[in-house]
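Student: Chains U and D supply the protein sequences, listed in that same order. Going by the numbering used here, the first residue of the first sequence is number 867, and it counts up by one from there. Going by the numbering used here, the first residue of the second sequence is number 867, and it counts up by one from there.
Misleading hints may appear alongside valid ones.
Capping the alpha-carbon separation at 25 angstroms, the derived lysine to aspartate or glutamate pairs in DMTMM-like fashion look like this [as the list claims (entries may be wrong)]:
(1) D:Lys1035 <-> D:Glu1007
(2) U:Lys1035 <-> D:Asp1161
(3) D:Lys1035 <-> D:Glu994
(4) U:Lys1035 <-> U:Glu912
(5) D:Lys1035 <-> U:Asp1152
(6) U:Lys1035 <-> D:Glu1160
(7) D:Lys1035 <-> U:Glu1160
It is worth saying that the hints were derived from the structure and are not from the lab.
There are 2 protein chains.
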Amino acid sequence: MLSFARVSIIGMGLIGSSLARAIRVRMPTVRLSVSDSSADVRARVEALGLADDVCDLPATAVIDAELVILCVPVGAMGAVAAEIADDLAEGAVVTDVGSVKASVLAALTAALPAHVHVVPGHPVAGTERSGPDSGFATLFEGRWCILTPQQPGPASRQLQAFWERLGAKVELMDAAHHDRVLAVTSHLPHLIAYSIVGTASDLETVTRSEVIKYSAGGFRDFTRIAASDPVMWRDVFLTNREAVLETLGRFTEDLVALQRAIRWGEGDTLEALFTRTRAIRRSIIDEGQDTEAEDFGRPHGPPAEPADEDPR
Amino acid sequence: MLSFARVSIIGMGLIGSSLARAIRVRMPTVRLSVSDSSADVRARVEALGLADDVCDLPATAVIDAELVILCVPVGAMGAVAAEIADDLAEGAVVTDVGSVKASVLAALTAALPAHVHVVPGHPVAGTERSGPDSGFATLFEGRWCILTPQQPGPASRQLQAFWERLGAKVELMDAAHHDRVLAVTSHLPHLIAYSIVGTASDLETVTRSEVIKYSAGGFRDFTRIAASDPVMWRDVFLTNREAVLETLGRFTEDLVALQRAIRWGEGDTLEALFTRTRAIRRSIIDEGQDTEAEDFGRPHGPPAEPADEDPR
Chain U
867 MLSFARVSII GMGLIGSSLA RAIRVRMPTV RLSVSDSSAD VRARVEALGL
917 ADDVCDLPAT AVIDAELVIL CVPVGAMGAV AAEIADDLAE GAVVTDVGSV
967 KASVLAALTA ALPAHVHVVP GHPVAGTERS GPDSGFATLF EGRWCILTPQ
1017 QPGPASRQLQ AFWERLGAKV ELMDAAHHDR VLAVTSHLPH LIAYSIVGTA
1067 SDLETVTRSE VIKYSAGGFR DFTRIAASDP VMWRDVFLTN REAVLETLGR
1117 FTEDLVALQR AIRWGEGDTL EALFTRTRAI RRSIIDEGQD TEAEDFGRPH
1167 GPPAEPADED PR
Chain D
867 MLSFARVSII GMGLIGSSLA RAIRVRMPTV RLSVSDSSAD VRARVEALGL
917 ADDVCDLPAT AVIDAELVIL CVPVGAMGAV AAEIADDLAE GAVVTDVGSV
967 KASVLAALTA ALPAHVHVVP GHPVAGTERS GPDSGFATLF EGRWCILTPQ
1017 QPGPASRQLQ AFWERLGAKV ELMDAAHHDR VLAVTSHLPH LIAYSIVGTA
1067 SDLETVTRSE VIKYSAGGFR DFTRIAASDP VMWRDVFLTN REAVLETLGR
1117 FTEDLVALQR AIRWGEGDTL EALFTRTRAI RRSIIDEGQD TEAEDFGRPH
1167 GPPAEPADED PR
């Protein structure tokens, strides 16, 4: 039993195109119509054969759709919702995949007619790549998808079944609570990664070439996250401002305490924290949310085609 | 032509045991004698057959060695050097693998007799695992090893040839400059990772179980680094205090500027930084210091044996 026979996806980047691929694999009879604001992206989507219909306008793509999934940056949700509002079928379910939920819930509720069901969603999955070529069908398997409807009901149950069919685990949550949780597990880590990569490239006493050469000491892990989509992340910080600032305040407080322990040579304080943090890693692996392979299973040994050495 | 026919390794953790394995593979005729302060570790090293001789005391292991490699936490270097000082052969080269170099250079020079050659070293390689079972022979291949001798000479050239034979790329550097470079590329990333993992596990509004479940949004990358050896890292921060505090100050300054941009809704500032940081990732991959595979090549899809779901 399919939850939805006609699905529309607006925005065909990493997440939108992964959804299209996953739907093709897991629900081959679904009629899929998509749109993207970029003509280049639409052409790639056509070439890759990711949808039945590729429309120039989102309003065209949503006609007759039983499920509409908005896969655009969080800051664009309200404008896209306004564009499609008049063309949505009665009883359609409208969801999204944005990393912030309270602002999206407010924007969609304000822009959309009362005869559609708004059920915001957030699949906690992704990579540092962007664009329609970077998507893949298994992106959501074993990952959590959080739904934040104002009121749980038949629409959110249908949407839950849809995500589960794509291999995701679903949890319902209050939108404001979602934003606090993700501020910790996703937004703050991204902010810090962007910040440290910026700091490292602006030093006078250490060259950029040195930072790159000796990045295997830990820095390189941060650069992966700091390669994520700039517009998407700009919007996340602008729309989840309160929770991000609150969490950032806590982090800064803890970091300053660590700074003080280093300055005063308090080895026991450092060792106690460094011991405690090991347990969290273990729990994440046990819960299946990361690979157990050491060093993320990176191949050890020289790269297949070593680049020329960077002269200093 | 072998640089050294008799090699001694003191400390058989991740790095020491990887060195032993690499020597076995790349220089099978080398006579290898090792020691470790832990009886359990010595027993494992015997069982794994990692050395010709496994000695209870470091002083016994270094007798007749042409090269002695200290693979103990940075804070223990001086004490171990004092223990072996009277038993070192005339003209022996003494090196180490510590992540901090100025303090090690000072400690070794102070503790060791004038008839040995002190050439501190730092292979910029490792994983989050610890202990003799976690080592592997290819750990140093394609990675940089930094040597920081007071004066370059025959001893440092011999040691360079030794590391190159193990597959590493070698660079000579002033010890103080090494400490500033690594403060950025390794020490600060570890400090921040430990700190954010600590912050995340101490919140009242978000449960630990939620942090673990939704860690795929970015947080899990930090937990890998924060699972590194607590004692080793305690010593790094205590012995590279000045450079770490200086770099941390720069980072905090930049982070506060980002915080301000978020508070005032300055989207352009955020987007400009997030765009700039992408280029660094590209350079690190081009230089062969990280894998190009998206998401570190993590397998996508459910884990082989999914753990039980964590009840909330």
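Student: Work down the list of hints and note, for each, if the structure agrees.
Tutor: Do the hints match the structure? See the list:
no.	hint	verdict
1	D:Lys1035 <-> D:Glu1007	holds (8 angstroms)
2	U:Lys1035 <-> D:Asp1161	holds (20 angstroms)
3	D:Lys1035 <-> D:Glu994	holds (22 angstroms)
4	U:Lys1035 <-> U:Glu912	violated (30 angstroms)
5	D:Lys1035 <-> U:Asp1152	violated (36 angstroms)
6	U:Lys1035 <-> D:Glu1160	holds (22 angstroms)
7	D:Lys1035 <-> U:Glu1160	holds (22 angstroms)
In terms of the numbered hints stated before, the structure departs from hints 4, 5, listed from lowest to highest.
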